[in-house]
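*Asks:* Each chain is listed here by its residues.
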Amino acid sequence: MKKINIHFWGVVPAYVIMMFLMIIPLFIILYVSFMTSDPYGGYKSIYSLDSYIQILYSYDWDENLVLNFHYLQIIGRTIVLSFLAATLCLIISFPVAFYISKQNSQVKQLLLYLVTIPFWVSMVVRVYAWVLILSDGGVLETGLKFFGFVNDIDSLLYSNNAMLVGMVYTYIPLMILPIYASIEKLDKRLLEAANDLYSSRIMSFKKIIFPLCKPGIIAGFVLVFVPCLGAVLEPTLLGGGKTMMMGNLIQNQFGVSRNWSFGASLTILLLSITLLFMLFQAYRSSKLSHQGIQ
Amino acid sequence: MSKSVQIKNISKNYGTYQAAKNISFDINDNEFFTLLGPSGCGKTTLLRMIAGFETASSGTIKLHGRDIHQLPAHKRRVNTVFQNYALFPHMTLEQNIDFGLEMCKWDKKKRKERVKEMLELVHMEEFSKRYPSQLSGGQQQRIALARALAPEPEVLLLDEPLSALDLKLRQAMRDELLTLQRKTGITFIFVTHDQEEALAMSDRICVLAGGSIQQLDTPINIYENPSNKFVADFIGETNFFPVDVIDINEKTISIQTPLGIDLTIPNLAKTTISVGNNVTMSLRPEKIYINKPENGPELAGKVASRNYMGGYTHYSIALDNGQSLKVSKRNSVSNDVSYEIQQPVKLSFSPESVRVLSE
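Line by line, the protein sequences are chains A and B. Using my numbering, the final residue of the first sequence is 1085, and nothing's skipped along the way. Using my numbering, the final residue of the second sequence is 465, and nothing's skipped along the way.
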């Protein structure tokens, strides 16, 4: 009897899933993005670059192409906000992760559990909670007024800041955990050695802790930045549709706007941005591992 | 002679546990000083207090006359070679050695020269651009040494630096360490649990146990004239027998031994031994002769076991009176007589080699 090759057949289910849920849908999206959109929904199988042109240009009254910064603005906002969110997450996460790593093992477990607890609640509910906090007459405004910090404030909701707060809140565990892991792996004796060699705490952080935690920082940055690029809930609920990001722009094209081809081309663009970013990070971490940092 | 480190009445408590009990000693300039003891004896705690990683519960530590025991580690002109080297994995060897110099804000040009000088000192010039993970244990050891020596510390602390190396390398590194110490003229404080290492390298050894000093002396005195039973037992092999003191005067001590003989031995110990005390006698195995008439007492017995060690053979001799003695004999001639199991032998030793010890 022929022996079953487990190395081949064992991974076949994974390939099948990848094929049907990832690769084929991606090619469908790619195909649709090069077709003409049907104003009644769906698309017509006529080749056209219109959907890509639409990202940069629009037709004026005389059917001439003119530059249109509307969508570029949304793309730019998406990248900037995602970058800001990831950076804020990093700034907040480092001390948190460091604090957790300093505790005894029981407290550590509890704190890590607390960090991951938000994942147990539906994301919609969590983002909606921020709507209640930030809205006019919401928890934050009432609280600030009660303690006399402010008399009257502009609406906090439906702004870039509201989206930023929402994204930082949603994705921060994805930053804390990898940074915590790399701090845990850090040999504490190295800090003693640095201290012994006349290095102050600040210098030890700059020269030893930070460089050795880079793999965790890079991983955390990717894990926060990438989902932020595709965020839908935060711009919809906290941006209120006034300030869009790519996530809800794409969602709109397949929904109310009925412009499937344009939605598909935006998807391909978003995917390309993400891939470029991840390639860059992969290159950086491979350079790090050459230096013996894993 | 000027003192580089002065330790006075140092105690260290961890809760109710006392890791160091009122320890005082001075270390001379340019000395190779060893803290020796079993694990948990307080030697590493003591070293860490000198380095500044721990603060003493009480007492003072002086470095060249200056009280340093309140200074944080990065302000003490003392560097450490760590047991596991603790080299910075993300820096090249050059950068590792340069780290202390950079932190001390040395001049750029001077730093470069010093790094080169240090790499030459430990014979690692051609590896300067490598990372620690690309080195063998012995090479990492050398870089750790170079890194610690680079900022010109007043005292170098070495925390069991050889324990991670294999035997051959360990012996080679011993010589290198000694040469390095003589060359640089820096005081070395060396922590080890390996008595052979301590005997081979040190100018003076401080034997510690249970958080207090057992004996502080030269290697020869530590081995030949141990101050108590612990030291005699910890350093090298020995035979112990409980003995009664019959007579004692300025020059000699007379004792009654369970070997069936009375001995009169020189009184070296200056201890508080007096007549009627139960004390312990110690006789080193290599100081006993087999079948060689010597000026001294003779004991008859049979060979009970034999361990051939190459350079030496260790015998266990069952004496006719029921006691047993460990004897080691140097194999100085290739076809030298080897004694068989159960072979009757006559043992002899010089009473000068016998020491009496209190607990």
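No wet-lab data here; the hints were simulated from the structure. The model shown is predicted, which means the values in this text are computed figures rather than measured ones. Ideal Cβ positions, reconstructed from N, Cα and C, are used throughout, including at glycine. Do not rely on the hints blindly, as some may be mistaken.
Claimed, not checked - Incomplete in silico selection of chain A near chain B, CB under 8 Å:
1) T827
2) Y831
3) I993
As the list claims (entries may be wrong) - Computed cross-link-like contacts, SDA-like style, restricted to lysine to any residue with a CA-CA straight-line distance of at most 25 Å:
4) A/K893 to B/R217
5) B/K211 to A/E983
6) A/K899 to B/E200
7) A/K998 to B/G121
8) B/K235 to A/Y1074
9) A/K979 to B/A406
10) A/K979 to B/N383
11) A/K998 to B/M230
*Asks:* Each hint should be assessed against the structure and marked as holding or not.
*Replies:* Hint-by-hint comparison with the structure:
Interface hint at A/T827: violated, since its Cβ lies 54 Å from the closest Cβ of chain B, which is beyond the 8 Å cut-off. The restraint placing A/Y831 at the interface with chain B is violated, with a minimum CB-CB distance near 60 Å, outside the 8 Å limit. Because the closest C-beta pair between A/I993 and chain B is about 11 Å apart, greater than 8 Å, the hint is violated. The straight-line distance between the Cα atoms of A/K893 and B/R217 is roughly 35 Å, outside the 25 Å bound, and the hint therefore fails.
Pair hint B/K211 plus A/E983 holds up; C-alpha atoms about 19 Å apart against a cutoff of 25 Å. At most 25 Å may separate the alpha-carbon atoms for a hinted pair to count; A/K899 and B/E200 exceed this at roughly 37 Å. Proximity of A/K998 to B/G121 is assessed by CA-CA distance (about 34 Å); at most 25 Å being required, the pair is judged violated. At most 25 Å may separate the alpha-carbon atoms for a hinted pair to count; B/K235 and A/Y1074 meet this at roughly 22 Å.
Restraint check: the Cα-Cα separation between A/K979 and B/A406 comes to about 60 Å, which exceeds 25 Å; the hinted pair is violated. Our distance criterion of 25 Å between C-alpha atoms is broken by A/K979 and B/N383, whose separation comes to about 52 Å. With a C-alpha separation of about 24 Å, the suggested pairing of A/K998 with B/M230 holds against the 25 Å cut-off.
The structure is inconsistent with the numbered hints 1, 2, 3, 4, 6, 7, 9, 10, although it conforms to all the rest.
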